[in-house]
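S.K.: With chain A fixed as given, assemble chain B onto it according to the hints.
These protein sequence lines are chains A and B, in that order. Taken in order, the first sequence gives residues 482 to 929; the numbers are from the numbering used here. Taken in order, the second sequence gives residues 482 to 929; the numbers are from the numbering used here.
Worth flagging that the hints you see were computed from the coordinates, not collected in a lab. Do not take every clue at face value.
If chains are identical, the list can't say which one is meant, so a pair holds when it fits in one copy or spans any two.
Unchecked claim - Simulated pairs of lysine-lysine, BS3-like, Cα-Cα distance not exceeding 25 Å:
| id | residue 1 | residue 2 |
| --- | --- | --- |
| 1 | 798 | 571 |
| 2 | 839 | 918 |
| 3 | 505 | 737 |
| 4 | 856 | 927 |
| 5 | 737 | 541 |
| 6 | 505 | 836 |
| 7 | 904 | 704 |
| 8 | 571 | 600 |
| 9 | 880 | 839 |
| 10 | 798 | 629 |
| 11 | 856 | 798 |
| 12 | 927 | 622 |
| 13 | 798 | 704 |
Protein chains: 2
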Amino acid sequence: MVNIGIIGFGTVGTGTARILLGNKDIISQRIGFEINLKRIADLDIKKDRGIRLPEGILTKNADDVLNDPEIDIVVELIGGIRPAKDFILKAIRNKKHVVTANKALLATEGNEIFSEAEKNEVDVGFEASVAGGIPIIKIIKEGLVANKVLAVYGIINGTSNYILTKMTDDKVEFSEALKEAQRLGYAEADPTYDIEGIDSAHKLAILASLSYSIPLSFNEIYKEGITKITAQDIEFAWELGYKIKLLAIAKSLDSKIELRVHPTMIPKDYFISKVDGVFNAIYVQGDAVGDTLYYGRGAGDMPTGSAVVADIVDIGKKIVTSYKLQVTSHEKNSGPQTHISRLNSLLVARHSSLKIKKMEDIEAMYYFRFSAFDKPGVLSRISGVLGEYNISIASVIQKGRRVGEAVPLIVLTHTARERDVIKAIAEIDRLPIVADKTLYIRVEGKEQ
Amino acid sequence: MVNIGIIGFGTVGTGTARILLGNKDIISQRIGFEINLKRIADLDIKKDRGIRLPEGILTKNADDVLNDPEIDIVVELIGGIRPAKDFILKAIRNKKHVVTANKALLATEGNEIFSEAEKNEVDVGFEASVAGGIPIIKIIKEGLVANKVLAVYGIINGTSNYILTKMTDDKVEFSEALKEAQRLGYAEADPTYDIEGIDSAHKLAILASLSYSIPLSFNEIYKEGITKITAQDIEFAWELGYKIKLLAIAKSLDSKIELRVHPTMIPKDYFISKVDGVFNAIYVQGDAVGDTLYYGRGAGDMPTGSAVVADIVDIGKKIVTSYKLQVTSHEKNSGPQTHISRLNSLLVARHSSLKIKKMEDIEAMYYFRFSAFDKPGVLSRISGVLGEYNISIASVIQKGRRVGEAVPLIVLTHTARERDVIKAIAEIDRLPIVADKTLYIRVEGKEQ
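The shape of chain A in the complex, shown without the other chains (with noise of 0.2 Å):
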């Protein structure tokens, strides 16, 4: 039997607690022992989550479950930074197990936690901090532990897909998107984290550290979210044959990986642009598999709960198996030894020597809209200054003639160079024919 405690008695921990209930007998069965939910930490243990828990469970003191010398595995779900990094270091410290749904917490301190981890010999699981429903560390960890991985591009926040999605569907204006995307409770009043990357980037530097063997590198991912995206963007980029979605980007290149999340312009024939409203998918590309796509929902009470179990699970076959071994070695005095733990939470041992390349550095093909005033001459002068800069055009669409007013201009690249691409946009923007700032986004896919 292995003794779990849960902090944190939210979505999640509802979701986990009634999963560990509700499929104990499933669950033993497959597994060959059994898993007791023995703690619930809340600061509120009334309200009603419409979960009938055994007696005795539920505590408002986090203690009680970090100091019980029974709990084997500490379940962390209350998520933000402070005081989920002071329980989560404290069970390390009392050598218990760790599990976390706590995406932000591991992207920002996770190099401290998991080293912290690996001197008290005890694993963290962090697979419901992605994707909560699609079991992609797991996959990326041991699946897919043969390849060489070359790029991961995920839609790994439901929010901003959803939103896309319905100013793909609709033809409505992002803040109509996002209304209905809070009115449908799948944006939160402050949507920031959601629109603007952060959520998407914090998944994305646990991704890159599990593909690349780096460290977790959230502050050197490239961040920006949908907000500029209109729904005439959208309409162009269809015309052009691709989709917009928000996309986390992984991808090594000449020793370096880019890391990146931004509103991407992706073939609307490839697999992952057919992956729509708060549906999560990530593309992950091997040296020896090829292409690979999984999909599945990425938040939620039960697909958390659902990789919350998955990692309980897994910690748990270890705990179970060192002790049989110790058993049948007749140490039986010694206890349950974890040395298991060195081979998984394998976040900051032996990194590789890859560097992250500057934002500046990476090369695309672009989407310009350009506001310029409807005057002849205007695509040569703009032409013009990207032919400067080495930018050279693939297509360019200019639809609705309103002489003299600001009109928009599009344009879509052949590959270019970040660096270059800001330096003609900075000018481009100082000439006088144009009325208001470029915006651009990244194109993937071959060139056409």
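M.R.: Same frame as chain A, but now just chain B:
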């Protein structure tokens, strides 16, 4: 260090060796120990496979692998039933772990093999047996361990999916699409296993055993291939809002499991219906995670090799860990133990009491293509018979009038029972107004 011996140096054997040698450093960096490819046995050790092997690895004698006391894991990659089964059983009895890609063998003789493995306390890894590049075995067994599996829908035969995609995109008939598949190397000279659903059924037996804790039940699976599907059916299906895919289906309803492989109409907006060409995908619905889908290449040297190596790593971790624990326990003389395996090779132990439903008891919507003479009253006669068997009609398509000749009459039904459908069709096919045998395709998705 963990020592590996491969038996079978064909396509997958070569891919596996290429990964073990080419990605050796990245893999040991990740897992913390070395995997050593010690021997490869094959009848042909002369042929140039375009890979440089360390000297002395190749042997013509499988016993050089099976009897080598240093080899920890035997990788069986020759395929077929004999002598693969003998090699695997010998390896198991020599207390060696086994990794195999042999779906036909596992589906038909797996119960015996897994039971022998359990008796000898060794592991049998079979990630490569289903959907090569997709780590679906691990996903179901570990990633979704917290879930009651409600349904599994797999496009798990690349050949059939290529043929159906080709028929859809280029509006060609089956025989032409098959020829193209053979020309491109996607179909074998004798394509029976692929196009008759047998290969899909092998894989479904494995997936269902994992998902529902039932014995491997290949014989109980209903198998129907794609040879009777015409380009016209694909067009009619599209008109009705569906695509036709060869699906392997396992789903639980009323404590019974349906196991069936047949051409299936799926609503064209379902994510799985967008899986085209030689790609594979498995949709898994769990009670906690909801809808998930996993997509990648189902075959090929490197994707399958990637799965083989993932199994080697998993088993290797257990070997190394149990050895470490032994050393820790100062019992160095007892050698590595493998009690852990009991927790993992779970295709035998603790079977659930779920029963497999008889095919005639399943319920579905149905697409009928009647070949009826173009006379007044035909629809009324046919719908009369359907009505007698409680089969009610959702839509009808009748096109191309050729009075007195046989024309296709398409009927889409509401949910009906297979048993009734069989009887009704037998009766209809005896009517003088019917020119040819009626084709029917089961339809998945919500009632429209």
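S.K.: Would you mind marking each hint as holding or not holding in the structure?
M.R.: Evaluated hints:
1. 798 <-> 571: Answer is within: at 23 Å inside a copy they meet the 25 Å cutoff, but 28 Å across does not.
2. 839 <-> 918: Answer is within: at 24 Å inside a copy they meet the 25 Å cutoff, but 66 Å across does not.
3. 505 <-> 737: So residue 505 and residue 737 pass the 25 Å test across copies only (20 Å; inside, 46 Å).
4. 856 <-> 927: neither (33 Å within a copy, 54 Å between copies)
5. 737 <-> 541: Neither way: residue 737 and residue 541 sit 48 Å apart in one copy and 43 Å across, limit 25 Å.
6. 505 <-> 836: This pair counts as between: shortest inter-copy Cα distance 21 Å, intra-copy 45 Å.
7. 904 <-> 704: Answer is within: at 19 Å inside a copy they meet the 25 Å cutoff, but 62 Å across does not.
8. 571 <-> 600: Result: close within a single copy only, 13 Å intra versus 42 Å inter.
9. 880 <-> 839: neither (36 Å within a copy, 61 Å between copies)
10. 798 <-> 629: between (28 Å within a copy, 19 Å between copies)
11. 856 <-> 798: neither (71 Å within a copy, 69 Å between copies)
12. 927 <-> 622: Answer is neither: 28 Å inside a copy and 36 Å across each miss the 25 Å cutoff.
13. 798 <-> 704: So residue 798 and residue 704 fail the 25 Å test inside a copy (38 Å) and across (37 Å) alike.
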